[in-house]
Every structure is written in C-alpha cells, then in structure tokens.
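J.: Residues per chain, in single letters:
Protein chains: 2
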Amino acid sequence: MLSKTIIKYIQSLAHKKVRDEQGVFLAEGSKVVWELLNSNKFKCKIICGLKGWMDENDNMINAIAAEDEIEITEAELERISQLQAPNKVVAVFYKKESEPGHLKNNLSLMLDEIQDPGNLGTIIRTADWYGIKNIICSNECADCYNPKVVQASMGSLGRVNIIYTQLEEFIEEKKKISIYAATLSGKNISSFHKLREGIILIGNESKGIKQNLLDLVAEQITIPKKGEAESLNAAVACGIILSHVV
Amino acid sequence: MLSKTIIKYIQSLAHKKVRDEQGVFLAEGSKVVWELLNSNKFKCKIICGLKGWMDENDNMINAIAAEDEIEITEAELERISQLQAPNKVVAVFYKKESEPGHLKNNLSLMLDEIQDPGNLGTIIRTADWYGIKNIICSNECADCYNPKVVQASMGSLGRVNIIYTQLEEFIEEKKKISIYAATLSGKNISSFHKLREGIILIGNESKGIKQNLLDLVAEQITIPKKGEAESLNAAVACGIILSHVV
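In order, the protein sequences belong to chains A and B. 55 is the number of the first residue of the first sequence in the numbering used here; add one for each residue after it. 55 is the number of the first residue of the second sequence in the numbering used here; add one for each residue after it.
With the rest of the complex left out, here is chain A (with noise of 0.2 Å):
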C-alpha cells in the first residue's frame, strides 16, 4: 500500500531540481530497473512493484536491501508511473557520481550538448553494446537522470560512466589522446577501422560540434551518404561509427 507522501516523492522525480535536492533518480519497467540492481551500480532507496514481479524477483529483492519494499496494485502504479504503458514496477535509486575509467587503451565516446534526453539514452545503450565504457558529455547535455533518459538507456546506466564536464578543458588536459569528430566533411569512416584508442567526438542534433572544438581535434570523420537526407539522428550516427570503428 502506497502513502500519498511516497506517492508525492515519486512523482517529484520528474523534476531535474528535485532530483539533484535529493541525490536520487527514478527507473521504471521491469527489464531498466532489473538492469539497475543487478549492475550493483546503484544503491536501491524504493521499489514499488506488482505483486507478481515482486514474487518473481524475490531473491534479489531481499539480496539489495533497498530502504523501502512495497508491493502495489495496477492503479497505484498507474499513479506513480510516467510511462505511457506502465510496466511492473518504479524504483528510486541514488545517484553515483562516475570516475572516468581508463581512456588510455579504450575507445570512448564524447558528447557536445545532446539535449534529447531520447538520443542520450540511445546512445548510452549502444555504447554499452560496444563495450564503451566511458562517456564524457558537455555540461549543456540533457541529465543522464532524466527519466527519459534512464528508459532508453534500458538499464546500460547501470555499467557506462558518465562524466559531465566542460570539453575544452577535458581535451586540454588529456592531450595525448586522439579525438575523432563526427561531421559531414570529414574522412570516410572505413579509413577508421579498428581504432583501439581515441574519442568519438558526437555534436547537437541540430547545430553540431562547436567550433573551438572541432579547433582542438585530431581528425574528422563522415558517415558517406549515398541519397538525399541532411544529416542523421545523433544516436544513429553514433551506432553506426561505433559499429564500424569497433
């Protein structure tokens, strides 16, 4: 049975100040919130679940302790939902700052001001696809804890660091490795076949890479295009650099 201040706590979530207030983020759906507290990445705070999925995942339930475990009906869940189609169960996790991990060796992923929180998750889950374990993104890109952001994700949060930070900086700093911007004038992107070390430079779904980036990179690499479209999607483009830089 749900109270009306979890039910107000919940629904707070939607809100990226209330989140940062509270250090947590809200996941929803059976496959991203299983994804989440297996990855151990997270801390679990509440877990509101129908009473077959809380019957299902019984084990690892009592396994992560979360602070509250609370079986719910159909309509409470359509209550604290903000999924269309509600799916099982919301959870509340706590946030975790992430350490880059080692970019010396490994191919990762960076992201100049991707505000679709739907193409951020995208790209977080193709990433972990690939095996990228590290994705450093401009301050200006949409909050990897948008709930948005989390469902597309499908639970990938859970085992890729996101690093927000300011770019140049970044690159000033970590001189020595390559950077590879994704733009429309660069090389083919089959001269770049099995990079084993560098950075995917990704821009804004509509303006691109900034220009005192784009001044700071190593090399320049396209997508070659054979119709009429502009440009692609963001998280499109990204997949289809990864899968063939990989």
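Read the hints as simulated data drawn from the structure, not as lab findings. Heads up, a few of these hints could be off.
DSSO-like cross-link-like pairs, simulated, lysine-lysine; straight-line CA separation at most 30 Å [said to hold, decoys possible]:
id	chain 1	residue 1	chain 2	residue 2
1	A	280	B	105
2	A	280	B	97
3	A	85	A	70
Place chain B on chain A using the hints.
T.: Chain B only, in chain A's frame:
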C-alpha cells in the same frame, strides 16, 4: 491573423482519426516544412508562418499556392504548435498514398510493428540518407503521418515511399526478392557487404520479428556485440545494418 476555426482544426490533427477523416497531416518547423514543400510530393493545404519565415520563403510559397497562407504572430504559433520549442512555421498537407517503387535491383526496408513514432521517423530519415526508396510497414506500425513521425523524419517523408500492408501476404507475392531479417542470432553483417537487391526486415522494439515472418525469410543478419547491452534501439540497428550493406 488566425481564426478560431483554423486553430481548432490544426489542434485536432494531433488525432489519427481526424487526420484519416480529413486526409491530411501536420508538419512543423522551418526545416521539415521547407523539405516537404520542396519535395513536391504532398499538396499543401494551409501554411501558417511568422512574418520573417514567410518573407524569406516568398518565392516558394507563391509557387506552391496553398489554399490558405497565413502570417501569424509568435503567440499564435505557440497556440497551434505541438512542439516544446515552436519553430517559425506550421503547415497542413494532404496525405498521398504511396505506390511501392521498384523492389528489383534495389534495397528496401520492411518494418514489423515498429510502434514508437520517434523510431519510425528516424528510420525514414536514415533510409533517405542511404538512398532507400521503399519502406514496407506492417499494418501495426505507427502511423507515418503522426506528428512525431513527421518531426523525426526531418522532411525525408517527401522522398521515401511508405507502404502499409499485411507482411506475410506481401512476402508470398514477392517471392523472388530475398529478405534479410535483423535478429540476434544470424550471420555477421560484414558477410552482406554491398547487397544490391533485397529487403532488410526490422522487428518490433521489444518483441522482435514475429516467428511466422521469420519462417518466410532467406537469411538472418546480426550486428556483432562487444559489450553487454541486450539489444540495440530499432532505428540505430537499422542505421548500422544499412551502413554495412549499402
């Protein structure tokens, strides 16, 4: 100046039922509307733009001769826009039934129940980037005239034929065209380099491709995984496959 009737009419086009009854759809934003006007595929019924946009595109607007050309204020734009950030222009176009183009000597896409409008729009845009002319959708796919599809397609709707049909029957009829189904357990995409003819089949976001469709398919095609995500977003998968086979 916008009449109440036009405001209500435009707002009502968020609903598929109204779009179907009226045989029209809504497009928004400078780039999307410009591309659709420019493609000459869809006849324009109403165009409502800010003064600056209307002046800038004066020649094109005269040439297309919409039934209503209305200069609007920022406040009026906000009332009729469905975007979070309204962008200069909203237009209503007449739908047009797509005839399937030549499938022989061409690559095409087939979509089994792609339900997310953003994914469908992104797939249309990606197809256009790779010069794919035909997308064959199952009747359960999202409506390609849904405003979110139109938005995500970034104007590519004017250059790609979208056909809705019963996929099993379609495949039975076109027996001579090979179908390549994107699954998690097929041959590596790198074995399908420079495919000149065929149909790439992409499945539903969570359920994948229906078994009865898979039974009719020549080959299964898989994107190799290096990391841990269980699957890729459907539009990202589509982009990766096209980038390797085109």
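J.: Now tell me if each hint is right for this structure.
T.: Taking the hints in turn, this is what the structure says about them:
For the hint linking residue 280 of chain A to residue 105 of chain B, the alpha-carbon distance of about 36 Å lies beyond 30 Å, and the restraint is violated. Proposed proximity of residue 280 of chain A and residue 97 of chain B is supported: the alpha carbons are some 27 Å apart, at most 30 Å. Simply put, residue 85 of chain A and residue 70 of chain A have alpha-carbon atoms about 23 Å apart, close enough for the 30 Å limit, and the pair holds.
Checked against the numbered hints above, the structure breaks only hint 1 and satisfies the rest.
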